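Protein chains: 2
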Amino acid sequence: MTPLEAKPHAFAGVFSLLAPHLAELDRFLHGQIAAFEPEIRAMADYCIDTSGKRIRPALVFLGGWRGPTVITPELVRLAAVVELVHLATLVHDDIMDEADVRRGRRTAAREYGPTAAVLLGDALFAHALHLATQFPTTEVCAAVSESTRRVCAGEIVQTLRRGSTDVTRADYQRIVDLKTAELFRVSCLLGARLAGSEPDYVAAAGDFGRHLGIAYQIYDDLVDFFGEETRIGKTLGTDFASGKLTLPLLALLERLPAGERAALTGEITGKCPPQAALRLGQMRELGVFTAVAGAVQTEVALATTALRPWPDHAPTPLLLGLADVLHAQIDGLRPRACA
Amino acid sequence: MTPLEAKPHAFAGVFSLLAPHLAELDRFLHGQIAAFEPEIRAMADYCIDTSGKRIRPALVFLGGWRGPTVITPELVRLAAVVELVHLATLVHDDIMDEADVRRGRRTAAREYGPTAAVLLGDALFAHALHLATQFPTTEVCAAVSESTRRVCAGEIVQTLRRGSTDVTRADYQRIVDLKTAELFRVSCLLGARLAGSEPDYVAAAGDFGRHLGIAYQIYDDLVDFFGEETRIGKTLGTDFASGKLTLPLLALLERLPAGERAALTGEITGKCPPQAALRLGQMRELGVFTAVAGAVQTEVALATTALRPWPDHAPTPLLLGLADVLHAQIDGLRPRACA
Chain A
1 MTPLEAKPHA
11 FAGVFSLLAP
21 HLAELDRFLH
31 GQIAAFEPEI
41 RAMADYCIDT
51 SGKRIRPALV
61 FLGGWRGPTV
71 ITPELVRLAA
81 VVELVHLATL
91 VHDDIMDEAD
101 VRRGRRTAAR
111 EYGPTAAVLL
121 GDALFAHALH
131 LATQFPTTEV
141 CAAVSESTRR
151 VCAGEIVQTL
161 RRGSTDVTRA
171 DYQRIVDLKT
181 AELFRVSCLL
191 GARLAGSEPD
201 YVAAAGDFGR
211 HLGIAYQIYD
221 DLVDFFGEET
231 RIGKTLGTDF
241 ASGKLTLPLL
251 ALLERLPAGE
261 RAALTGEITG
271 KCPPQAALRL
281 GQMRELGVFT
291 AVAGAVQTEV
301 ALATTALRPW
311 PDHAPTPLLL
321 GLADVLHAQI
331 DGLRPRACA
Chain B
1 MTPLEAKPHA
11 FAGVFSLLAP
21 HLAELDRFLH
31 GQIAAFEPEI
41 RAMADYCIDT
51 SGKRIRPALV
61 FLGGWRGPTV
71 ITPELVRLAA
81 VVELVHLATL
91 VHDDIMDEAD
101 VRRGRRTAAR
111 EYGPTAAVLL
121 GDALFAHALH
131 LATQFPTTEV
141 CAAVSESTRR
151 VCAGEIVQTL
161 RRGSTDVTRA
171 DYQRIVDLKT
181 AELFRVSCLL
191 GARLAGSEPD
201 YVAAAGDFGR
211 HLGIAYQIYD
221 DLVDFFGEET
231 RIGKTLGTDF
241 ASGKLTLPLL
251 ALLERLPAGE
261 RAALTGEITG
271 KCPPQAALRL
281 GQMRELGVFT
291 AVAGAVQTEV
301 ALATTALRPW
311 PDHAPTPLLL
321 GLADVLHAQI
331 DGLRPRACA
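As they're listed, the protein sequences go chains A and B.
Per this note's numbering, the first sequence starts with residue 1, numbered consecutively.
Per this note's numbering, the second sequence starts with residue 1, numbered consecutively.
In short, the hints are calculated from the structure, not lab data.
A portion of the hints provided could be inaccurate.
Identical chains share a label here; the pair holds if one copy fits it or two copies do between them.
With a cut-off of at most 25 Å between alpha-carbon atoms, the simulated SDA-like pairs for lysine to any residue come out as follows [what the hints assert, rightly or not]:
(1) K244 with P38
(2) K244 with R110
(3) K244 with E39
(4) K244 with T69
(5) K53 with Q32
(6) K244 with P114
(7) K271 with G259
(8) K271 with E111
(9) K244 with D324
(10) K244 with I33
(11) K271 with G113
(12) K271 with G281
None of the values given here were measured: they were computed from a predicted structure.
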């Protein structure tokens, strides 16, 4: 279970509408196994896990929304492309993070070893981009391959900055924009494009996706400090423990007096053991939750603003519904964060 | 320096003709650095190393040969695509093999750490496929992305079989066909295709490339036992030491009496330390070199046969010249192998 699924009822509105689309996507994805070489089909099947939250496919279907009964093969294929790219990045992430478990079962790296997992992630990438060539023009494949490169660039920058306190808010924004917002953006944009929307709406849908992606990543970084493990379904506090300087930590650094700031710097750089409970308490006292939640809301508002000129377009109310979900999720964290 | 460069004079004929093409490719590849995000440009530049043998680009240029002064932008772009895919696989291979040095300098994994190197390989793949979308149709990108998946599948199979003696000749053929012959095949085929050759010749060029690729890989596996490090420029005996069951070892296993076979099996599976000198001596005594060199020549002959119906097509004599080089390279190993 992942953060956006933590309150399934909050999603009920948008995601129950999408149920037939996502079921069709699952059928399509499982049908892709046969495209892999026989020797690696079982491994590809293991990675093409359909238990995730499918937020990028949801953006594809919502961006190209034409009504609850309209499920076009083009949107299903595009949803599969972006989901496969995302799954490939997860396979590689889990190697690098030495993660044992994802979504309640062993990661591909633990199941098949890191070497096979590197190659398996590569094969998933390659197949995603192969699927992307099954459109009449090169447009989808060009956009998705460029996005993939940008996602990797974002993750590289983040990796190289691990354990460093020389990270500014601008650096953080840039990392988030590349590693998360990019694939949200392209999912929404290409969904609208394939559904035949006018160019201005396509661009607006891309802007919406980008800001929603930034909001989602900041929310996810906030959950790492203020979430409840039982509700969120993943180990929390890992960003701090691994020296990843996310917005909550940046905001705390800005607010601490010099002496304390130096101590926290030592914890981030790995010179001293991280004092998670102390830092969480300081975050509560110094209003870090409110400040970072405000940053999420700002991005949600920017996403919403992008669609304001098009209230009557079919996707608009549904995309705004998705933005509302994130808004509500933040409120769900508040009691614990401000306890 | 790599095996096919070991005797530069043998290459002089074909490769001196290609010098302007390869120089243009180098310019093009260095021009691609600007397409990467500013934060990863220096790293991409480090990986886009132009000191390699460029055999896949050579196959592109030769497959699409129209004379020494004809260098089309399409062939240069295609050559860059296949070389970038190859460089990406090398970046990932070097992580998995924990290699320190390639072509006389630190591998990307040693220079930037394995985590960044996984992502950097991904970014190179993504950019290769993005370049492949810069043709009028999806054909090039579809073929290259499919080939990339097959290369990965071959490497996965090889990885999972490491340290296993349950590998047949058919398994070995399959691994070689996927991990090496596939990209040779598609380089040659798409080169001919972009140059506007008739469909039958395009298919024949693909067959030529495939068999040359198989021949090349078997040759490379033979070099690992019978090459001279000073001439080849890389550490030899690594396949045996890492439990990789290549054709020379398979042929030796077939020839050894039962007791010795069991001992060698123990060395391959890692139960006993590999006795490299003993096994090399046995290979010499039991005619392994001659048998495996024969397998190379068989594949070279199959490559040559594929082009026989088209003696007057411009690429034919040059592609055959490349096949002759491999033939000569095998002869160059003979004195040491049969000493």
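Q | Structure-inconsistent hints, enumerated in ascending order | A | Numbers 4, 9, 10 - these are the hints that the structure violates, sorted from lowest upward.
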